[in-house]
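Using the hints, position chain W against chain S.
Letter by letter, the chains look like this.
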Amino acid sequence: MKKKFILLGLFISCGTLLIAQNNFMKNSRVSGNFQLDAQYYIPDAAMGANTIRDKIRANAFANINYTNGGFSAGLRYEFYQFPLIDFEKIHYIGHGIPHYYIGYNHEYFEVTVGSFYEQFGNGLIYRSYENRNLGYDNATYGIRVKGKPYKGIVITGIWGMQRNLFVKEGQIRGIDGDISFSEMFSKLSDNSVTLGIGGSFLSKFEVDNDPDYNLPENVAAFATRLNFGYKDFNLNAEYAYKFNDPLVKLNDMIYKPGEALVVTASYAMKGLGIYLTGLRTDNMDFRTVRTAEANNNIINYIPTLTREHTYALPAMFPYASQAQGQIGFQAQVNYQIKKRSKIGGKYGTDIMVNYSQIHGIKQNPVEEAVNAGGDMTGTDGYTSPFFGIGKLLFQDFNIEISRKFNSTWKLGLGYVFLLYNQDVIEGHIGQPNVLSHTAIADLTCQINNKHALRLELQHLYSKQNKGIWSSRNWLYGQLEYSISPKWFISVLDRWNYGNIDKTKRIHYYSVSGSFVYGTTKITLSFGKQYEGILCVGGVCRAVPASYGAGLSIVSSF
Amino acid sequence: MKKILFLSIVIIAGIASCDKINKPYQVSENIVSCDTPAFPALNSSAVIQKYLLEDYTGHQCQNCPRAQRIAVQMKTQMGDTLLLMAVHSGTQAKPEANNGYCSYSNDFRTDIGNRYTEKFNISSYPTGMISRMSFNNKQTFGDGEWASNLNSIPRTAPNAGIQIISIENSEEFCIFVKTTLLSDIPEQIRLGVLLIEDNIVSPQKDKTVDSCEYVHNHVLRTSIASIDGDNLTVSKRDDSQIKGYSFPLNQAWKKENCHIIAFIFDSNTDEILQVEELKLTK
Chain S
1 MKKKFILLGL
11 FISCGTLLIA
21 QNNFMKNSRV
31 SGNFQLDAQY
41 YIPDAAMGAN
51 TIRDKIRANA
61 FANINYTNGG
71 FSAGLRYEFY
81 QFPLIDFEKI
91 HYIGHGIPHY
101 YIGYNHEYFE
111 VTVGSFYEQF
121 GNGLIYRSYE
131 NRNLGYDNAT
141 YGIRVKGKPY
151 KGIVITGIWG
161 MQRNLFVKEG
171 QIRGIDGDIS
181 FSEMFSKLSD
191 NSVTLGIGGS
201 FLSKFEVDND
211 PDYNLPENVA
221 AFATRLNFGY
231 KDFNLNAEYA
241 YKFNDPLVKL
251 NDMIYKPGEA
261 LVVTASYAMK
271 GLGIYLTGLR
281 TDNMDFRTVR
291 TAEANNNIIN
301 YIPTLTREHT
311 YALPAMFPYA
321 SQAQGQIGFQ
331 AQVNYQIKKR
341 SKIGGKYGTD
351 IMVNYSQIHG
361 IKQNPVEEAV
371 NAGGDMTGTD
381 GYTSPFFGIG
391 KLLFQDFNIE
401 ISRKFNSTWK
411 LGLGYVFLLY
421 NQDVIEGHIG
431 QPNVLSHTAI
441 ADLTCQINNK
451 HALRLELQHL
461 YSKQNKGIWS
471 SRNWLYGQLE
481 YSISPKWFIS
491 VLDRWNYGNI
501 DKTKRIHYYS
511 VSGSFVYGTT
521 KITLSFGKQY
531 EGILCVGGVC
541 RAVPASYGAG
551 LSIVSSF
Chain W
1001 MKKILFLSIV
1011 IIAGIASCDK
1021 INKPYQVSEN
1031 IVSCDTPAFP
1041 ALNSSAVIQK
1051 YLLEDYTGHQ
1061 CQNCPRAQRI
1071 AVQMKTQMGD
1081 TLLLMAVHSG
1091 TQAKPEANNG
1101 YCSYSNDFRT
1111 DIGNRYTEKF
1121 NISSYPTGMI
1131 SRMSFNNKQT
1141 FGDGEWASNL
1151 NSIPRTAPNA
1161 GIQIISIENS
1171 EEFCIFVKTT
1181 LLSDIPEQIR
1191 LGVLLIEDNI
1201 VSPQKDKTVD
1211 SCEYVHNHVL
1221 RTSIASIDGD
1231 NLTVSKRDDS
1241 QIKGYSFPLN
1251 QAWKKENCHI
1261 IAFIFDSNTD
1271 EILQVEELKL
1281 TK
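Protein sequences, first through last, are from chains S and W. Residue numbering for the first sequence follows this note's numbering, beginning at 1 and increasing consecutively. Residue numbering for the second sequence follows this note's numbering, beginning at 1001 and increasing consecutively.
Only chain S is shown next, with the shape it has when bound in the complex:
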């Protein structure tokens, strides 16, 4: 009898477990994505494309994420053991599972352990993020706790190490608080007012092994921010301060504190949008390791003020945000001439005018540095008046007009003037600023619902060289044919016809075709890649010249 009871108990227990398991599986969701970028390299000495002995290189990664209610977990396997030469150049070499996490999200709190990406405010003192194209990933490894104790209040705490290529380095810990008064008090939102404040602290730790200098082992930074909006107007401001933080390769080992201020204002109404932003940074390079350089070990993010050009020729001159010292502004106006008006035409005409100008900051070396013949090492470095302006680094005036004439034809016209201080931005020491004028025409013919043809023409005029591979005038043409939603074919040529060295008047041509099947896109390409610089959000990396065939597969599930 007793045995029967035990068996019955076991049966009920198993049944309950099965039902629970069944419910559990029902709520489960697995998602992910996969990407492969492979390239077959052909040497071409004329354009500076070196011989790659193993000929084929590839970058590949796959993300797998699992969620079940509030629970989530995931990992990413990266195979960059034999990477594309762009990534080899920045030493992004290795393979493994550098990204993995487990998290739980509740109404009042959220916990993540493992690797995570996070940002405090605008990122002036802390931002961990990834950008696969840049080969940039400074994920934090450790623990993140978010508390939402009351409507409109979010507190975030992080503690951990930082990803640098395929290793974990440094120690960072920080806290951020965000209060949204318009969420707290409905009267504000009822009156179209948004108001919020926030503050954050972050501290890094690094042992002082320097035999010559007394270095701070714990370096802290803080930031405060304000967000205010009324109807169509919005204002966002953030100020950050970093305590003494001598860096071996980035600030000449000076003990001067750093600071940054970013202010953005925007106004938007039907047919009109105005956007203004100003930025000043002074000694705000913040790294977990004092000897870091390039894009390694960056803790914070200094946004760029300039427009990221999508057209190829002006995009050859991107601005790299100078955390060590810059002051500037950007203004943009978007206006739509009314539909069905005499000037605007049937579909209206869009006009965009954008201007940005950035200078270095004025630096007055401290007395010790003057006495040492200008060597700031181991001193307070310099003083800098807040509005003191240094040499011009970047200037961009651009205008775009686009108009749809009928259901078939659409035309975009553009002009871009750029002043580019290649000495500071790209390290071409002693080279003069590049001044360039680019004219752009972008014509689309929507043949029918599925078929479209697009022609893009650009011409860049300049009297200067940039580095050794770009000189004076360029011409660019691209023809695209798309059969929605599956096929896409493109032919382009970028020709440095004005190069003063006739042997470098190279046609950087490329032919590519893509096929989309469900959530998978396969792209094949063949052509030449110009040696240049790639920037996303002001963070840049050098792109080496290459020639050959490429295969790209992007898939998600």
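Hints listed in this document are in silico derivations from the structure and should not be mistaken for laboratory results. Errors might be hidden in some of the hints.
Okay, derived cross-link-like pairs now, DSSO-like style, lysine-lysine, Cα gap no bigger than 27 angstroms in a straight line [unchecked claim]:
hint	chain 1	residue 1	chain 2	residue 2
1	S	249	W	1236
2	W	1023	S	249
3	W	1020	S	362
4	W	1138	S	168
5	W	1020	S	249
Short derived list, chain S residues pointing at chain W, Cβ under 8 angstroms [to be verified]:
hint	residue
6	216
7	243
8	244
The beta-carbon is built from N, C-alpha and C at its ideal position, and this holds for glycine as well.
Frame of chain S, contents of chain W only:
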């Protein structure tokens, strides 16, 4: 809610730590209590290239006496060309009062020894380095490779000469080290100055028979220069630079058994370019 509050407090406590460094930012130079003496002229043709064998050891390391015997044998063969130094570090160098037959209560570990152990990633004992040079891409290696690695170094003319003067000044000693370059050295170089002691009778484990009255020689006692060496500004042939130090001798150390080891090294690779030794007292 309480948990969040607790975690927030922990995080705030963590980030609250911020070190504000006040002037002077540079590590202060050692103030020397004696006047700089006149060094005799260096006879460059008489300068020989010397090497330093660093033996990482511990009194509870059973295989370490074997390595010390090998080191002594090498010294016998090489004479003045080879200098020895025993660095006691790691778990096998920990003092332990009652461990078997002897009492290993002495502690020969030092800050400088620990720094080297960490810096050169010493994890097994006995391990050694010869002038911190790389052999087959290895800077540290077992005692079985010491002699062959030393013999594999191509004999070249020395690129620097080091002279040491030791002055006993009441309760303390003044040490002056003069470095003279015999050829250009473009690399940034630093000067290390260490104190070692011979004839320390103290227990030592041995694979054959533990000895409670083992004679420890060349035992690293302290660093007289900065822990990572002091920067030198010489770079051209015939450049010379004198660095001076003064320090009180620990009462437990016998001055007649102490020696000064001074060496210059490449600050990037740590390779020792020249090394010299002098008895602390005449």
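Here's how the hints hold up against the structure:
1. 249(S) / 1236(W): Holds - the C-alpha atoms of residue 1236(W) and residue 249(S) are around 26 angstroms apart, at most 27 angstroms.
2. 1023(W) / 249(S): This hinted pair holds, its Cα atoms lying about 21 angstroms apart.
3. 1020(W) / 362(S): 25 angstroms, holds
4. 1138(W) / 168(S): Holds, at roughly 24 angstroms.
5. 1020(W) / 249(S): This hinted pair holds, its Cα atoms lying about 21 angstroms apart.
6. 216: With a closest approach of 4 angstroms, the residue 216(S) hint holds.
7. 243: 5 angstroms, holds
8. 244: Holds, because the Cβ-Cβ distance from residue 244(S) to chain W comes to roughly 6 angstroms (cut-off 8 angstroms).
Hint compliance for this structure: no hint is broken.
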